[in-house]
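These protein sequence lines are chains S and L, in that order. When you read off a place in the first sequence, starting at 1, and then add 238, the result is the number in this note's numbering. When you read off a place in the second sequence, starting at 1, and then add 1, the result is the number in this note's numbering.
Derived from the structure by calculation, the hints contain no laboratory data. Heads up, a few of these hints could be off.
Derived BS3-like pairs (lysine-lysine); straight-line CA-CA distance at most 25 Å [said to hold, decoys possible]:
| # | chain 1 | residue 1 | chain 2 | residue 2 |
| --- | --- | --- | --- | --- |
| 1 | L | K178 | S | K484 |
| 2 | L | K49 | S | K310 |
| 3 | L | K178 | S | K458 |
| 4 | S | K403 | S | K390 |
DEER-style ranges, computed between Cβ atoms [unchecked claim]:
| # | chain 1 | residue 1 | chain 2 | residue 2 | range |
| --- | --- | --- | --- | --- | --- |
| 5 | S | A386 | L | D179 | 51 to 59 Å |
| 6 | L | F185 | S | V271 | 50 to 58 Å |
| 7 | S | K403 | L | D57 | 26 to 34 Å |
| 8 | L | N176 | S | K314 | 48 to 56 Å |
| 9 | L | I51 | S | A393 | 54 to 62 Å |
| 10 | L | G58 | S | E313 | 38 to 46 Å |
By construction, the Cβ of each residue, glycine as well, lies at the ideal position given by its N, Cα and C atoms.
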Amino acid sequence: MKRFVFSAMLLLGSAFATQYPLTIKDDLGNTVVIKKEPMRIISMLPSNTETLCALGACDRLIGRDDYSNFPKSVEKVQAFGGLYNPNVEGMIAAKPDLVIASKYGKLSERLQQAGIPVIAVNPETYQDIFRKTTLLGKVLNKESQAKALNIKVQAEVKKYEILAKTVKTPKVYFEIDPTPYSIGPNSFMGVILTKAGAQNIIPAELGDFPKISPELVIEKNPQVMLGLSLADAQKRPGWSSIDAVKNKKVIEIPWELNEMLGRPGPRIGEALKGLVKLLHPELAKK
Amino acid sequence: MQRSLPLKRRVYPTLTFTVGALVLCVVLAVSLGSINIPVLTTLSALFKGITGQARDGLEVIVWDVRFPRVLMGMLVGGCLAMSGATYQGLFRNPLADPYLMGVASGASLGATIGLVMGVPNAWLPALALGSSLLSVALILTLSAQGKVLKTTNLILTGVVVGSLSTAISTYLMLNHKDDVRQVFFWTLGNLAFASWQNIQTMLPYLLLGGLFLQSLARPLNTLQLGEPTAYSLGVPVDRLKWLLIVASSLVTAVAVSYVGIIGFVGLIAPHIMRRLVGSHYPVLIPMSALLGGVLLVVADLLARTLIRPSELPVGIVMTVVGGIFFLYLLRKNA
Chain S
239 MKRFVFSAML LLGSAFATQY PLTIKDDLGN TVVIKKEPMR IISMLPSNTE
289 TLCALGACDR LIGRDDYSNF PKSVEKVQAF GGLYNPNVEG MIAAKPDLVI
339 ASKYGKLSER LQQAGIPVIA VNPETYQDIF RKTTLLGKVL NKESQAKALN
389 IKVQAEVKKY EILAKTVKTP KVYFEIDPTP YSIGPNSFMG VILTKAGAQN
439 IIPAELGDFP KISPELVIEK NPQVMLGLSL ADAQKRPGWS SIDAVKNKKV
489 IEIPWELNEM LGRPGPRIGE ALKGLVKLLH PELAKK
Chain L
2 MQRSLPLKRR VYPTLTFTVG ALVLCVVLAV SLGSINIPVL TTLSALFKGI
52 TGQARDGLEV IVWDVRFPRV LMGMLVGGCL AMSGATYQGL FRNPLADPYL
102 MGVASGASLG ATIGLVMGVP NAWLPALALG SSLLSVALIL TLSAQGKVLK
152 TTNLILTGVV VGSLSTAIST YLMLNHKDDV RQVFFWTLGN LAFASWQNIQ
202 TMLPYLLLGG LFLQSLARPL NTLQLGEPTA YSLGVPVDRL KWLLIVASSL
252 VTAVAVSYVG IIGFVGLIAP HIMRRLVGSH YPVLIPMSAL LGGVLLVVAD
302 LLARTLIRPS ELPVGIVMTV VGGIFFLYLL RKNA
């Protein structure tokens, strides 16, 4: 009985505050022990930077990667390069008590060797957005904020998802790169696209971000194309026979929306809203 | 002495076989792809395309997408093989290929600059072409001593200028993360967006360059006997070298500018042909062009069908398939 009460108390306690030292397994499969609540943090991935700030830990940020630019205030924080050209020496000199790195690149390994605590966190699927928020909440002693943030973002997503269900869903081709690359329905961008009220023409078995054949687009004959300009689409051999091109439903994605869409972070609900408006202008007022 | 180099007897059978293979490959390549297209549809699309009638559905795919793509593969493969044969003869080095003179790295640099500066995609070929010709000009200027062009100087200068351009492109790519993939894919070669218009634009340059190379084939034969001998036979060796380099670089640069860099075809097509028909350049050059066309059409067909409806960059397929085949040939003949 005593033991039960004790563990119940422990559980209760942990619901309010993270117990340090905290042991977690990161996205590289490394077991990392975080000794105390991290107060000097470098975040090397824009989506993580956004999550961190949304959890109310923006003031703990002493460094970021070159591409982190939201919220605006992080632009004042010192930048330490990107995935391929991280300024490792600068990071070590800044004496962070935690670096949140990408699992790609070799940054994690090099910082570890230098004795800097580092975790690799890469949200990739739609569900990851919430899982990683929970994880970061735990690491930062912001668990309740993480829970609240997840609920808020999910509610926002739900709202626009339901709204998009009220109208017809066109067949959509979404181009992320003109070589051409598209998005599969299981990628987090693909999930958002479907939620925005679109039938993705890319079959799931092609994978998350497949390089596709231009013939496939002609054959599937999408009604709307996103991510390229009408002029570009018209120039491609055979594409002027596609419904979307004929009806001039080829829509370029505004820069800011494109950035939000590419970041599996707390602005995904807002990204969904933007996408719904692009796809269904008739819903724009709601 | 009628010919300066041996011509094997197998020319006509090889010619027949290669042309047959080319026709077969073109037909296959037009009907197979992300979706297989029935012969009837293919024929009606060809008919409607030639007579300029309206096309729909699968016919659009055949005439507007696949056919130009296959033709482009043929042209580019042919050009690279032709330049390859020329370079190998010029440098008397079986490992010489069309990219030796920095054409590829020069073109990549141009394309990279265009991409990071946000130039519209339609301009990229022009930029690639311009910068590759510039880099060839630079190499020629740097390596020439007066009017004399020393082969070793030329190769060394080519390698160094090529590495410099690559270094600059890489630096630019690192600083413009978002464009990396486009540049990267450009360097792997891509026939996906070949159009009739592209073909129309490049055809005059290719024909001109090709005919010019062909007209230099006989003097190139003489060059195989060594420069001193060629001199004493009355061949203006230095002028010949200049002309050969300029013509083959132009042809390569035009090919590269539309489809990106496709390696290997310029190396292996002349090799295979040399084994079959010998090193008589007036025969070797056009035969290599034919085989180069076959190889690239096949490589592109594989690139489109191996993981369909997704695609592989054709340069990767060319290198893997061509490389394995080449190794097999080498071992068999060792």
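Query raised in the report: Do K403 (chain S) and D57 (chain L) keep their Cβ atoms within the hinted range of 26 to 34 Å?
Result: holds, 33 Å
Query raised in the report: For the pair G58 (chain L) and E313 (chain S), does the Cβ-Cβ distance stay inside 38 to 46 Å?
Result: violated, 50 Å
Query - Whether the CB-CB distance between A386 (chain S) and D179 (chain L) falls inside 51 to 59 Å - result: Roughly 33 Å apart at Cβ, these two residues miss the hinted range, so it is violated.
Query raised in the report: Does the structure keep K403 (chain S) and K390 (chain S) at a Cα separation of 25 Å or less?
Result: holds, 20 Å
Query - Distance restraint hint 48 to 56 Å, applied to the beta-carbon atoms of N176 (chain L) and K314 (chain S) - result: violated, 21 Å
Query raised in the report: Is it true that I51 (chain L) and A393 (chain S) lie within 54 to 62 Å of each other by Cβ?
Result: holds, 59 Å
Query raised in the report: Given the hint that K178 (chain L) pairs with K458 (chain S), does the C-alpha gap stay at or below 25 Å?
Result: violated, 31 Å
**Report entry** Hinted pair K49 (chain L) and K310 (chain S), Cα distance within 25 Å
**Finding:** Roughly 57 Å between the alpha carbons, so the hint for K49 (chain L) and K310 (chain S) is violated.
Query raised in the report: Between K178 (chain L) and K484 (chain S), is the straight-line Cα distance small enough, at 25 Å or below?
Result: Answer violated: K178 (chain L) to K484 (chain S) is near 33 Å, above 25 Å.
Query raised in the report: Can the suggested window of 50 to 58 Å be confirmed for the beta-carbon pair F185 (chain L) and V271 (chain S)?
Result: For F185 (chain L) and V271 (chain S) the Cβ distance comes to about 38 Å; the hint is violated.
Of the numbered hints stated above, those contradicted by the structure are hints 1, 2, 3, 5, 6, 8 and 10, listed in ascending order.
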